[in-house]
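K.L.:
Using the hints, position chain B against chain A.
What follows is the residue order along each chain.
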Amino acid sequence: MVEKTRVSANFSSVPVILALGLLSLPLVLMYVYLFIDTVSNSETGSLIPNEFTLEHWSFLWETKPGKPNIWLVTLNTFVFTSVITTVILLVSSMAGYVLSRLNVPARGFFLAGVMVLHAFPSVTLIIAIFIVLQYIGLYNSLLGVILVKAAIDLPLGIWLMKGFYDTVPWEIEMAGVVDGASRFTVWRRLVLPQIRPAVMALGLFSFLSGWSEFILPQVLAPGAQVQVLSVYLASLIADDNNFDFATFKAVGVFYVIPVLILYVFFQKHLMNIYGGGTKG
Amino acid sequence: MRTSRTLGLIMIAPAAIMILLFFLMPVVLTAVFSLTNMSTATGISGGAYQVTQAAVNRLTTDMPELAAAIAGPRFVIDEEGVAALEALKLKPGLAAELRAEHLGEVFASRREAERVIKALKDRPSTREVKRISDLFNRSVLNTRFETRQALLESLRKLGFNLGPEEQEAVAKATYTGWVWTADNFRTIGNSPDMAQIFLNTAFYVAVTLLFFNVGYALFLALTTHYMAAATASIFRAVWLLPRITPVVIYVLMWKWLTWDNGFLSLFMGQFGYPPRNYLLDNAQGAWFFVILINGFIGASMGMLVFSSAIKAIPETQFHASEVDGASRWQQIRYIILPQLRWPILFVTCYQTLSLLASFNEILLSTRGGPGRATEVWSLAAYHTALQNYTGNLEYGLGAAMALVLVVIGVILSLIYLRVFRYDTLISKPLIED
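Chains as they are written, first to last, in this note's numbering: chain A, 464 to 743; chain B, 843 to 1275.
If you're looking for bench data, these hints aren't it; they were derived computationally from the structure.
The structure presented is a predicted model; accordingly, all values stated were derived computationally and were not measured.
Be careful, since some hints might not be right.
If the Cβ cut is set under 10 Å, some of the chain B residues that face chain A in the computed set are [as the list claims (entries may be wrong)]:
no.: 1; residue: Ile861
no.: 2; residue: Phe864
no.: 3; residue: Ser1220
no.: 4; residue: Tyr1224
FRET-style restraints, in silico, Cβ to Cβ [said to hold, decoys possible]:
no.: 5; chain 1: B; residue 1: Val870; chain 2: A; residue 2: Ala569; range: 12 to 20 Å
no.: 6; chain 1: B; residue 1: Asn1234; chain 2: A; residue 2: Phe706; range: 41 to 49 Å
no.: 7; chain 1: B; residue 1: Ala1125; chain 2: A; residue 2: Ala687; range: 30 to 38 Å
no.: 8; chain 1: A; residue 1: Thr648; chain 2: B; residue 2: Trp1184; range: 18 to 26 Å
no.: 9; chain 1: A; residue 1: Ala687; chain 2: B; residue 2: Pro1116; range: 57 to 65 Å
no.: 10; chain 1: B; residue 1: Thr1018; chain 2: A; residue 2: Ala687; range: 27 to 35 Å
no.: 11; chain 1: B; residue 1: Asp1025; chain 2: A; residue 2: Trp534; range: 27 to 35 Å
Within a straight-line C-alpha distance of at most 27 Å, the following computed BS3-like cross-link-like pairs (lysine-lysine) qualify [what the hints assert, rightly or not]:
no.: 12; chain 1: B; residue 1: Lys933; chain 2: B; residue 2: Lys972
no.: 13; chain 1: A; residue 1: Lys530; chain 2: B; residue 2: Lys1097
no.: 14; chain 1: B; residue 1: Lys1014; chain 2: B; residue 2: Lys972
no.: 15; chain 1: B; residue 1: Lys963; chain 2: B; residue 2: Lys933
no.: 16; chain 1: B; residue 1: Lys1097; chain 2: A; residue 2: Lys527
no.: 17; chain 1: B; residue 1: Lys960; chain 2: B; residue 2: Lys1014
no.: 18; chain 1: A; residue 1: Lys731; chain 2: B; residue 2: Lys931
no.: 19; chain 1: B; residue 1: Lys933; chain 2: B; residue 2: Lys960
no.: 20; chain 1: B; residue 1: Lys972; chain 2: B; residue 2: Lys960
Quick reminder that beta carbons are idealized off the backbone N, C-alpha and C, glycines included.
Isolated chain A, as found in the complex (with noise of 0.2 Å):
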């Protein structure tokens, strides 16, 4: 990066600052607006706050009627994303593994299946995979959805792991089966340590991935006892009867923080996934 800045070293990069800056504005006023419009209230027909509130945060302490707790919610919510991402995690570092070193009937095939899935819509079977769940009576439980959003997230997870294993040398497995060691014990003791990054960084994406889901959430568990947040946001704002946004901020920002904590401080593990390419 360094370099590249001497590169254009003849060429005034101050235009393409403004020019980017005046587009990135609608982006920075409608986060700015998100934080401040939680802990002010300002005068009709005014954009400039002018008292501090925290009347906005009410949701914490006191229950909508006909809403659920706010508690129960972010609890289900912690619970669906964390069993999310350790079954991506469990699965896919072993079935990339698989696929990267170890010789199984079909490995070309499932290979290839892995990479048309994971460019595949999976929004596409939500109806299919609705009718699924109707049939073998997991509709509306936090099992079902979840063993669904953690397969359809799976070919990605498969495919980025195998990636990663791909550039682990060989020679350190040669050593460990030199030693006497089985190959599990190899994967298991001097492979899976050298990919720790990778873990990490498909980890915090699968975790903000079934943290911001909310599709399939709203359609396959809807009720009020498995609701996550992002169904209960939604909820609220469709409620045509008590529009307020500065309710609706206050529990927007109180479910998008740890995404944005998370993002602040991994900020470089996530450029790596998105860039390689995913949906949205």
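P.N.:
Same frame as chain A, but now just chain B:
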């Protein structure tokens, strides 16, 4: 050899099972469901046979006489009715005579049945005749049968001797469960609504892709390339925010920006414009913001892919061009763009699929409105099968609409697989134990 193979199979099994159950099976089932008329009304498991007025109306078009006969009352002198008559404690002779003389007789109308009852030796009064005849009314209208057998058996007892063709027609008209049909595809092919939704989708995907997912992404990558590293990373971070932010909040922020009590209205209010809902007032505004909302998310992927591709271009090419006096525009035109051909193709392929399939943002922002102006294919499938105002969710039709996307998805991903050469990615395992 064998241990590595067994271990491999065991380690890959969980992934294989999950993908099979919640990924491949739904693909197949989407196709299966698309060939049915499943809906809230038919339920998703089997149905029953219910003789309702609606069922009779369905039957009327093909077999008007049979339909009228089934709908009309039927009077059967049976043991059940006689027993009920005895329980009424009228003159005992009535029940005894009916049992002895008329058991098993069937009358097509109340008048015929009452004529027989009136002719009984005990001479019931007119009021009694009416009460008695009610006991023998065996109309099937508004009765429900669990099986086809039960329905036909009951009709036979009522004196309908149906041929196989008639049996078929009656069973079909009264069945409440789902049946196999290709009507969904006919609906998709013929309905003008569907054609409009198709055009909407094409417009939405083409414009978003051209202006944002590729166009604006390219602009971001190029401008950040010509900046100091620190500034560039700030802008990249800002433009990655839409992707990182959970979609519900992201759309909420846009609503705040565009609604009549939101930022734009307040801002324009300073200059004397009345507040209005910029998002939903008219179709143009709705499209404008729908494309912005999706485009801002889509731009980040292209930005990252193109940035890393530009970074991979050898520095010497830039140095040489600057020595030769190339302008910034000439550098972009003759050095950068030609070397971005593959990344651009990759992003185009990838984002076409995501744009076709994703409806989160539109659902949350305009819900396809105003009217159905911003209804795109995937959203229409969702509305048809999973959420609509009429309350009858048409799973079959929705699945058929989704199947169109699934097929496009499979074809495009296969092309993607061929173009981006996955076979170069597989190398043989080096350890064979």
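K.L.:
Would you mind marking each hint as holding or not holding in the structure?
P.N.:
Hints and how they fare:
The beta carbon of Ile861 (chain B) is positioned within 10 Å of a beta carbon in chain A (closest approach about 6 Å), and the interface hint is therefore held. About 4 Å separates the beta-carbon of Phe864 (chain B) from the nearest beta-carbon of chain A, less than 10 Å, and the hint is met. Interface restraint check: Ser1220 (chain B) against chain A, minimum CB-CB distance 7 Å, threshold 10 Å, status holds. With its C-beta approaching chain A no nearer than about 7 Å, Tyr1224 (chain B) sits inside the 10 Å limit, and its interface hint holds.
The hinted window of 12 to 20 Å between Val870 (chain B) and Ala569 (chain A) holds, with their beta carbons roughly 19 Å apart. Distance hint check for Asn1234 (chain B) and Phe706 (chain A): the Cβ-Cβ separation is about 29 Å, which falls outside the suggested range of 41 to 49 Å. Between Ala1125 (chain B) and Ala687 (chain A) the C-beta distance comes to about 36 Å, which sits within the given range of 30 to 38 Å. The hint said 18 to 26 Å for the Cβ distance between Thr648 (chain A) and Trp1184 (chain B), and at roughly 41 Å that hint is violated.
Between Ala687 (chain A) and Pro1116 (chain B) the Cβ separation comes to about 40 Å, which falls outside the hinted range of 57 to 65 Å. Restraint check, Thr1018 (chain B) to Ala687 (chain A): a C-beta distance of roughly 31 Å satisfies the suggested window 27 to 35 Å. The given range of 27 to 35 Å is broken by Asp1025 (chain B) and Trp534 (chain A), whose C-beta atoms sit roughly 48 Å from each other. Proximity of Lys933 (chain B) to Lys972 (chain B) is assessed by CA-CA distance (about 15 Å); at most 27 Å being required, the pair is judged to hold.
Among the hinted pairs, Lys530 (chain A) with Lys1097 (chain B) is consistent with the structure: their alpha-carbon atoms are about 22 Å apart, no more than 27 Å. Between the alpha carbons of Lys1014 (chain B) and Lys972 (chain B) the distance comes to roughly 35 Å, so the proposed pair goes past 27 Å and is violated. Of the supplied pair hints, the one linking Lys963 (chain B) and Lys933 (chain B) holds, its CA atoms being roughly 11 Å apart against a limit of 27 Å. With a C-alpha separation of about 22 Å, the suggested pair Lys1097 (chain B) and Lys527 (chain A) falls inside the 27 Å cut-off, and the hint holds.
Simply put, Lys960 (chain B) and Lys1014 (chain B) have alpha-carbon atoms about 39 Å apart, too far for the 27 Å limit, and the pair is violated. Among the hinted pairs, Lys731 (chain A) with Lys931 (chain B) is inconsistent with the structure: their alpha-carbon atoms are about 92 Å apart, more than 27 Å. A threshold of 27 Å between alpha carbons decides the hint, and for Lys933 (chain B) with Lys960 (chain B) the separation of about 13 Å falls inside it, so the pair holds. Annotation: proposed proximity of Lys972 (chain B) to Lys960 (chain B) holds, straight-line Cα distance about 10 Å (limit 27 Å).
The structure shown violates the earlier hints numbered 6, 8, 9, 11, 14, 17 and 18.
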